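S.K.: Sequence:
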Amino acid sequence: MKPADPRLERESRIPIMPSMNDRPKPDDQHDGHRDDHESTRPMVWWFAILPWGYALIRWLGQPPVAWGWCAPLALVPLLWWIRYRDADRRGSHRLAWLWLASFAFWAVSLQGLRHAHPLLYFAWIALAGYLGVYVVVFAVVVRRMRDWSIPWIIAVPVTWVGCEWIRNYLLTGISACMLGHSFAPYSRLIQVADTFGSYGVSFLAAMMGAAVFQLCQAFVHRRDHARTAAGVVVAGVVAVACFAYGEMRLRYQPSEGDLSVALLGLDEQTEYDQDEERPKEIFYAYARKCIEVAKQLESDSPERTPVVVWPESMYSGGLPWMEVATPFTPPEDDSASEDEYRRWADEWQQAFTLRANDMQRAWMPTAPGGASPAVAPEFSGGPITGANAAKSRTHLICGCGVVIQDGVPRAYSGLVHLTPTLDVDWYGKNHLVMFGEYIPILSTWPALKGWVPPGLGLAFGNGPKAFTVGQSRLLANICIETAVERVAVNHVREIVDGQSVKPDAIVTVTNDAWFDHTAVVQHHLRCDQFVAIGCRTPVLSAGNGGPTAWIDSFGRIVDRVPHGRAGHVVARPMVDDRHSAYLTIGDRPAALAGFGVLGVAVLPPLLGRVRRRRGD
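So that you can map any letter, position 283 of the sequence shown is 283 in the working numbering, and since no number is skipped, the others follow by simple counting.
Hints are computed from structural coordinates only; laboratory data are not their basis. Just so it is clear, the structure is predicted and the values come from calculations on it, not from any experiment. C-beta: ideal position from N, C-alpha, C; glycine also.
In silico DMTMM-like pairs for lysine to aspartate or glutamate, Cα to Cα no more than 20 Å straight-line:
| id | residue 1 | residue 2 |
| --- | --- | --- |
| 1 | 465 | 423 |
| 2 | 465 | 497 |
| 3 | 280 | 267 |
| 4 | 465 | 323 |
| 5 | 280 | 268 |
| 6 | 280 | 292 |
Label-pair distances were calculated between CB atoms; the ranges are:
| id | residue 1 | residue 2 | range |
| --- | --- | --- | --- |
| 7 | 248 | 607 | 43 to 51 Å |
| 8 | 230 | 96 | 31 to 39 Å |
| 9 | 299 | 421 | 19 to 27 Å |
Model the full structure from these sequences, guided by the hints.
M.R.: If you want it as structure tokens, here you go:
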């Protein structure tokens with residue numbers, strides 16, 4: 001029998017510390033053999049804490065601490081762990097240890113989700129457990145790519161981006177806490193998102209992390225200097241190229257727009273189960289703020305069209321917008337005719353527009369008998385007619401429920417546009433929150449809808465919508481639709497493809513009071529920043545207890561209501577005529593990485609089973 005290569009024995013050992021006298025064999029020379037006893041050897045302390053070092057450093061790189069430079073460094077302990085881990089199935093207990101650390105990272109990062117409802121504690125734990133799997137997949141795939149002699153500097157960023165792409169699609173997707181989001185404060189480094197989206201910035205951060213890891217490995221083991229130098233040079237060139245590209249893109253000068261947009265951001269507490277008076281109290285609080293702000297807008301900028309944006313669901317106040325479906329199917333258990341339904345809907349719509357009339361009277365300084373904000377919530381009644389109607393120039397874009405009467409009524413989380421002449425247009429939220437706004441199967445089967453708790457049976461909207469305000473077009477967006485990057489980007493692309501005109505701004509509304517001022521709100525804001533760059537379109541966000549901010553087309557926060565505070569922001573968005581490459585190519589490069597990750601993760605075990613069966 002041929003004697004074992006002593007170098008392979010060194011590779012199979014996990015040293016007590018990675019010292020000069022006990023150096024593992026470099027991965028590029030590894031031939032795949034493992035010591036049979038390694039999988040049963042207990043993890044030594046330094047090896048055991050590496051996954052937790054990854055979790056801690058990565059958490060420090062994002063809000064609330066937001067030390068962005070930690071993002072690449074977070075991968076160093078993770079890659080060191082991958083470097084020494086037994087890759088075969090007998091080391092599964094070590095993968096479980098890695099999953100536990102990743103689970104802890106996600107549980108802490110998204111712990112604000114649990115505040116919305118007691119039942120969401122289970123969803124929060126389940127979501128953290130699910131997201132924790134991705135770092136395990138990352139570790140397995142990188143280890144296999146290293147066994148195939150693929151350099152760290154390639155294997156790490158490609159695999160990381162592939163995993164992020166998968167989680168942005170699987171189970172409806174979520175973009176919060178992407179690795180590249182930690183670089184949000186560094187404007188020059190993140191402009192590449194207009195070509196590759198957030199994935200491009202994550203690729204950069206992961207490549208930088210791989211380069212730092214290789215430097216550390218070369219320092220500890222004092223070998224592989226040529227390979228390390230090559231990796232560092234590649235990462236340096238990519239980083240410099242991204243920086244230079246960002247510098248070039250930041251020199252662009254957008255043109256002046258014609259809007260003054262007031263983004264309301266109070267902090268009204270909301271609950272799933274609240275009494276009938278609470279929505280009215282919330283509406284009146286926002287109405288008083290709306291009147292105050294609209295008066296200012298009407299008088300400050302006569303050359304601009306004033307717009308006031310209310311956050312998600314704040315305008316409903318027990319009076320959602322209602323329509324009757326065309327064609328209409330009467331409910332089976334109701335004897336009312338279609339004409340009766342339409343008459344009821346007309347009366348409801350009159351009450352809805354009269355409420356807007358009342359607010360217009362309050363903010364119009366020259367309207368006879370106009371009410372003062374001090375008398376709200378008891379607004380003065382009566383329509384605005386004739387010359388008085390023309391004196392109000394303010395558009396309202398309000399988060400408001402929408403109900404469509406049909407055989408099975410449909411309720412939408414909506415964004416309603418009220419013009420100064422009280423014409424109404426609306427957008428229904430396309431991308432709903434699973435287990436927050438709908439429950440799979442239960443929400444779609446009529447026979448099971450009775451099991452769905454109130455507020456969890458919303459209908460899906462039908463495509464994107466851009467509101468025309470003056471000479472501008474504002475794309476409607478609601479809550480999670482910017483937190484799942486592809487949704488907002490696809491909406492802009494569909495508007496451009498269908499109307500040949502890019503929206504001048506994205507108006508997004510949210511109710512993040514559910515999350516009780518936790519870091520979830522700041523993660524949402526960072527998603528908005530990357531959507532703005534990816535579409536080269538300003539994002540105007542109005543949030544109740546959430547991100548109320550004016551973000552320009554470079555992803556910079558021009559103005560915002562401080563985190564945990566109430567107030568408003570007046571935005572004067574610039575018009576960016578650039579058509580980003582990301583709108584054209586989408587996330588196809590990231591998709592290639594994603595399919596590559598799936599292939600590397602799934603195919604080798606399957607092929608191995610096939611070979612074993614043939615051998616038997």
